[in-house]
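When you get a sec, could you build the whole thing from the sequences and use the hints?
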Amino acid sequence: MALSRRAFLAAAALPAALAAPRIAHAQAGAGRVVIIGGGFGGASAARFARDNFPALDITLIERSRSFTTCPYGNLVLAGRRDMNSITFGYEKLAARGVRVVHQSVVAVDAGAKQVRLADGAQVPYDRLIMSPGIDLRWGAIEGYDEAASERMPHGWVPSLQPISLLRRQLEAMPDGGRFVMVIPDNPFRCPPGPYERISMVADYLKRAKPRSKLIALDAKNGFSKQPLFQDAWAELYPGIIEWRGASSDGRVTRVNAAAMEVETEFGEKLKGDVINVIPPQMAAKIARDAGLANQSGWCPIKPATLESTQVEGIHVLGDATIAAPMPKSGFVASSHAKHAVACIAASLAGRAPPSATFFNTCYSHVGPDYGISIVGVFRPGANGFAEVEGSGGVSPRNAALTAERRREHRQLEALYADGWYYSITGEMFG
Amino acid sequence: MKIRFALCLLLFSGGSAVAQAPDTALLIGGCQGCHGVSGQGGNGIPSIKANHSRDEFVALMRAFSANERPATIMGRISRGYTPEQIALLAAHYARPQ
Chain S
48 MALSRRAFLA
58 AAALPAALAA
68 PRIAHAQAGA
78 GRVVIIGGGF
88 GGASAARFAR
98 DNFPALDITL
108 IERSRSFTTC
118 PYGNLVLAGR
128 RDMNSITFGY
138 EKLAARGVRV
148 VHQSVVAVDA
158 GAKQVRLADG
168 AQVPYDRLIM
178 SPGIDLRWGA
188 IEGYDEAASE
198 RMPHGWVPSL
208 QPISLLRRQL
218 EAMPDGGRFV
228 MVIPDNPFRC
238 PPGPYERISM
248 VADYLKRAKP
258 RSKLIALDAK
268 NGFSKQPLFQ
278 DAWAELYPGI
288 IEWRGASSDG
298 RVTRVNAAAM
308 EVETEFGEKL
318 KGDVINVIPP
328 QMAAKIARDA
338 GLANQSGWCP
348 IKPATLESTQ
358 VEGIHVLGDA
368 TIAAPMPKSG
378 FVASSHAKHA
388 VACIAASLAG
398 RAPPSATFFN
408 TCYSHVGPDY
418 GISIVGVFRP
428 GANGFAEVEG
438 SGGVSPRNAA
448 LTAERRREHR
458 QLEALYADGW
468 YYSITGEMFG
Chain C
1128 MKIRFALCLL
1138 LFSGGSAVAQ
1148 APDTALLIGG
1158 CQGCHGVSGQ
1168 GGNGIPSIKA
1178 NHSRDEFVAL
1188 MRAFSANERP
1198 ATIMGRISRG
1208 YTPEQIALLA
1218 AHYARPQ
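From first to last, the protein sequence lines stand for chains S and C. Once you know that position 250 of the first sequence is 297 in my numbering, the rest is easy, because the numbers rise by one and skip nothing. Once you know that position 17 of the second sequence is 1144 in my numbering, the rest is easy, because the numbers rise by one and skip nothing.
No wet-lab data here; the hints were simulated from the structure. All values derive from a computational prediction rather than experimental measurement. Where is the CB? At the ideal position from N, CA and C, for every residue including glycine. Mixed in with the good hints, there may be bad ones.
Partner residues aside, some chain C positions facing chain S, computed with beta carbon under 10 Å [said to hold, decoys possible]:
id: 1; residue: C1158
id: 2; residue: A1177
id: 3; residue: R1181
id: 4; residue: I1200
Structural data, given as structure tokens:
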């Protein structure tokens, strides 16, 4: 850190006008940018700002000292990665000149343009970026609260519950046991994530507990990359996976953690040896408390600049936003981050915002050396965001490829998935 | 690298004549997610840094978008760019001419 923590907090406690070094404002486009949240959105914003806009003074506020990524958590579940390999620290961002503050935010005062921290410090800003992530809707499925999640882990918000809990349960499960997954309706974090999880759990079961079954109960009738996943399940894991959509009574409305039992909409009760509940979600509390969310629980934003439509002067990124057809993915959060930073730099320099193009690439590991992907390029549209016509889409299905090309394609996408993870985490934390 | 950084500074601090510069940084931002911050690639992902002339870079992206070159995701991605955006990417990633 360039400034000692004590000195920074002392400066932060001063009134905004005094705390800002005037000399910095003499530089074209200078200003204090505060980023709340150090995940894919926040960490990418900090790095992009440091690399491209040296006149910006960047403070990143993140309560945790390390960040465990949701991507690649499913590989930990399969026993193909360990937790250390998906956990990162903020030291390198600090070394690049980002002021990293490990504190919880208790309030955002958009009127006074300052953020209050748990230790009482006030952090003034000229522009605020919030990349708050998600909260789980406890109680949205009857009986599924934080206590129930100790027996029926979600493994969907690593700051609350490391994926390792689910991994331990899976390891303790007897061969011939039943793994039950409960999957929510849209919108939710990482649309292909539950299906990659099905694949990775099946990969583990096939190797370690081949007499076991996986039953996935889904609150919707279709999902991301569905034909590709289902082709692969039939090919790689015959007899292991049963997926049930909403129209086949897949929607779970109640759970009983003590009995290790879930109940569907039409009253069928199913027991599981391990039960993974991915509950419905909403924007994280800090965003809702700041008034950024609407009645949906998610944050509406202006497509051209990603500023909140609810509160002026706050840019909102990533999973917390309403940005369909863009998915709630780490890649999109990173893409949002770069655009928001460029808009802020332009605004502080008195220029119009740059034109917006957003990118998404989401790989899923389906088996060893078997990867699939969905890609999208997006621009602001007449009503929200729109995918650029003719671009994007998913990997080709098996039937569209020769046997040789199919093997090569799946292998390459598994390789590129690892490469993507290496590159994007290197960008954020390296 | 130093020269490019200085050029970026110059472009970003300028007026409307160089208003495209943030667009370039943002376009590169899309490539960085997989190809790395400077386009160096790694861990199986090809490097795109200074491997081609500008013309070759543009031709490669055209071949991807027309499905004339085998690809996993680059065909799907390249069709999302305008010719102007491809030209900006080519200017950034191509070998110095």
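Interface hint status, C/I1200 versus chain S (Cβ within 10 Å): 5 Å, holds
Hint validity - C/C1158 Cβ closer than 10 Å to any chain S Cβ: 8 Å, holds
Restraint check, 10 Å cut-off on beta carbons, for C/R1181 near chain S: Not OK, violated: C/R1181 not within 10 Å of chain S, min 20 Å.
Status of the C/A1177 interface restraint (C-beta, 10 Å, chain S): Hint on C/A1177: violated, closest Cβ of chain S at ~17 Å, above 10 Å.
The structure fails hints 2, 3 (numbered hints given earlier, in ascending order).
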